[in-house]
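Enquirer: Each chain, written out:
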Amino acid sequence: MAYIELNQVTKRFGSVTAVDRLDLQIAKGECVAMLGPSGCGKTTTLRMVAGFEDLDDGEIRAGETLLSSKREKYYLPPEQRNFGMVFQAFAVWPHLSVFENVAFPLRIRKLPKAEIIARTEEALKHTNLLQFAAGSPDDLSGGGKQRVALARALAIRPDVMLLDEPLSSLDPHFREEMRFEIKDLQRRFGFSILYVTHDQSEAMALSDRILVMRAGVVQQVGTPLEVYGSPANRFVFEFIGLSCFLKAGLTPSGMQIAGNDYAWPNGIAPSTEIIASGRGLLAARPTEIDFVGEGGVRGHVISKAYLGETIDYRVMVGETEVRVQKTRRVPGPAVGQSIGLNFPHPHWYPVD
Amino acid sequence: MLFAFLAIYLLTFLVLPVGTMILQGLTNNEGKFVADHIKLLLANPVYVESLLNSLGVAAGAAVLSAVAALPIAMVLWRYHVRPSVFIELCGFLPLFVPPFVLALSLQIFFGRGGALGMLFQSYCDLDPAILGLPSVMLIEAMHYFPLVLMTLTMTTSAYNQQAKEAASLGSGWFRLMTRVFLPLGMPGLAFGMSITFLKTLDDLATPLSLGVTNLLAPQAFLRVSAYGSQDPLSSLIATLMVVISGLAWFASIRFVRQHVAFRNASSVSASVLLSKQQMIVGITFLGGILMLYATAYAGVALTSIARIWSYTLLPESYVLSHYLTAIHSERGSFINTLAYCGFAAVLDVVVGLVMAYAIDCAPPVWKRWLTWGATGLLSVPGVALAIAYLQFFRGIEVPLINQAIDASWFLLPMAFSVRGLPFAIRACSITLQGIPASYVEAANISGRNRFRIFIKIVLPMMTVGLFVAFLLCFGLAAVDLSSAMLLIPSETNAPVSYSIYLNMQSTTGRGAGSALAILSIALVTLSLFTLLVLIRRDWKTVSSFRKFVFTGS
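In order, the protein sequences belong to chains A and B. Straight run, no breaks: the first sequence in the numbering used here ends on number 352. Straight run, no breaks: the second sequence in the numbering used here ends on number 553.
Source of the hints: derived by calculation from the structure; they are not laboratory data. All C-beta atoms in this analysis are idealised placements derived from N, C-alpha and C, irrespective of residue type, glycine included. Be careful, since some hints might not be right.
Cut-off 30 Å, straight-line C-alpha distance, at most; resulting in silico cross-link-like pairs (BS3-like, lysine-lysine) [to be verified]: (1) A/110 / A/28; (2) A/304 / A/247; (3) A/113 / B/367; (4) B/32 / A/73; (5) A/110 / A/247; (6) A/125 / A/110; (7) A/110 / B/367; (8) A/247 / A/326; (9) B/276 / B/367; (10) A/125 / A/73; (11) A/125 / B/456; (12) A/70 / B/367; (13) A/304 / A/326; (14) A/125 / A/183; (15) A/113 / A/125.
Covered stretches of chain B, going by a simulated chain A footprint (3 or more residues, C-beta under 8 Å) [stated by the list, open to error]: (16) 434-440; (17) 447-456.
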């Protein structure tokens, strides 16, 4: 059952529509990541859920409680929503100790002193910060500061945790470590997460579902596997993972690339609408393209680069460059060699 | 409520008094607009001459300081010599030391009977008091030259690396100067020149100490002294000063607001590995300037420790008693300075913070107008503001003490605060911008108690910035003699700057006056050093300090 519900949520800044009629449901204990390029409206959406931005249309609910509604001219202030929030810039107050940072939301809510101490210590314990409680957050690393921010958000025992690119300021090593910690905390405390990121690997690793946005419009909502394996459109395909595209002329019986006729790759034909247009884009992941000696879409290898476990080949097909990634353990073609490409899992998109 | 307080403050202590003063100059007794006063002013050759002299002296001082600063700044820039931030701050010392101190110091040296004046007497008379207007212009130019040089250096050095690359492409000196150096330095040059112009136009103590009265500020002062504050011609002269200042400031804004790309502290420190040649150039030029100023102020410094000094190159004997006299007899003026300037600076910080917040929250179009309006306060000369206060608050009784407000000390700190406001707004703006929105939002999501959030989270994060604003406004108020000379009700209410001026006018008080001046300069330098430490510690990058002057596009 949906806990957080966004219905037709719209936000405009002047003539620019930052978020356009967005619908989203988040279940209790679910983690939904909002993924998209800079300026796509994901942070604006998060801020509307937090209560820092008003809506221009639509409504937001948490269970039975109405949070914001344009129609009913209703707006519940951020502090009454019982949401925790973690910011990209940590937002840890430098003049307060680690303990006081975490205790501040409880103090401002005027909880009994004993409860403040108990809850703060609990949050610090779960974020492995108990031994740093008396110290200044300035003495902690970036990861440490972000833990303080997490502990501060945890201390109020939030129903929902809003995370605005919380790991993007961290070193790659800490980033990976923190991913596991966030997931672990969610399991322990059972809160829902709305997670904003532009890092697809972060979204894949953390979330139960991913919402992909572009220019304020939702492109796809699905599990990480669905979004990666069955992208709804060319944008999602291109945004999630590496991608290659080949322009193809289409006939009812097959396709034509660089003046040569081929059968549908692996027998998978585009939709009738795309075939009817006579032109289509054949899309594939570089890791999902096979080399074949005979047949296949013909091209020649123009370069190869070692990326550790894999080798990155660049193959020219007509005037288009196609990337192919293969494990280094299987011998591949040499530079300059003519080679056929097979597309076992092709995707088809209309040409723009 | 805060905005209501802001509106009342601005209306009571700026808009209404200045508006009334302008009306006073342009209307007759029935309140009708008449040109009689303007005709009267233009018919009197003394005022026409004063107007032309003021324009000439202020523009001349600005041009002279620029002419002196340009080649030195160009050499420093060409050789990648970047003065330390402390030296840059010292360049702003002229804003915190009244120029009449330099005038009196030079008079001690070059005046008749002075150390060097005596030597040169057989060839020419170098007494600044004899030279009249040119000496006012030269002294003002010399006083504000470090400011122009440093603002110019600050804006051009931001581009050292790019300039080096351009130079290595084979550009000649002239081409480099006209095509690269001058356009880059324009914001600094315009800022330094406009401040020199405004301050020279407004300066009352320097011309009076040199016996020069055919300038607008002394004429306005003399008319108020002779005919009282309701004199329409003094209002008209003050209005003229406001108009000239306003036009000058707004003419320079276009250049000052050009984008200045300041680098952060780390990249600055990475670029200061100078070669031997660059070191020599740097030490020669900057050391030479420091020596020049040390010599110029040596007159006051030596007088402060001289027992007898007349018709000899150096004092015959030395004592420290002037310092003891200054500290003992002028205790009252120190307390007055602390009270007036402290009050004015606190008010500035509060009003500046509210205004900076209002500007920050305003829609983009309003933001620009509000910023212009705030900086436009710079163009209200101290003399004009003082005349406006004397007219507007004349005879208004303070309820509890049964004293007329214009006969009390109260108007002086209020004038100081209005004069310091543009600086306070800028400092508060930088302080506010220094707090990322997420830090406040993180507090807002925690609870609804806005006051507690402000006290516990926002205010502690602004402490250093607000303290910097306070020091700045305090320093500016402490040297504002133009309004002080008109608004001080009695000598017992005088601040230190006025006591220095009064002491220096008499032969017997010169020692104590000089000691007071040296103590004041030492205090200002100490304050600047404290500012530097605070800026370094809390504003993280020195670029914040440079941004204080140049807002960028």
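Enquirer: Would you mind marking each hint as holding or not holding in the structure?
Expert: Results of checking the hints against the structure:
1. A/110 / A/28: Cα-Cα ~27 Å, so holds.
2. A/304 / A/247: Since the Cα atoms of residue 304 of chain A and residue 247 of chain A sit roughly 23 Å apart, the hinted pair holds (cutoff 30 Å).
3. A/113 / B/367: With Cα atoms ~44 Å apart, residue 113 of chain A and residue 367 of chain B exceed 30 Å; violated.
4. B/32 / A/73: Cα-Cα ~53 Å, so violated.
5. A/110 / A/247: violated, 64 Å
6. A/125 / A/110: Cα-Cα ~22 Å, so holds.
7. A/110 / B/367: Violated, at roughly 38 Å.
8. A/247 / A/326: The hint holds at about 23 Å.
9. B/276 / B/367: violated, 48 Å
10. A/125 / A/73: It is violated: about 41 Å lies between the C-alpha atoms, which goes past 30 Å.
11. A/125 / B/456: holds, 25 Å
12. A/70 / B/367: Given pair residue 70 of chain A, residue 367 of chain B holds - Cα atoms ~28 Å apart, limit 30 Å.
13. A/304 / A/326: With a Cα-Cα distance of about 11 Å, the restraint between residue 304 of chain A and residue 326 of chain A holds, given a limit of 30 Å.
14. A/125 / A/183: Holds, at roughly 16 Å.
15. A/113 / A/125: holds, 18 Å
16. 434-440: holds (count 3)
17. 447-456: holds (count 6)
Hint compliance for this structure: hints 3, 4, 5, 7, 9 and 10 are broken, all remaining hints hold.
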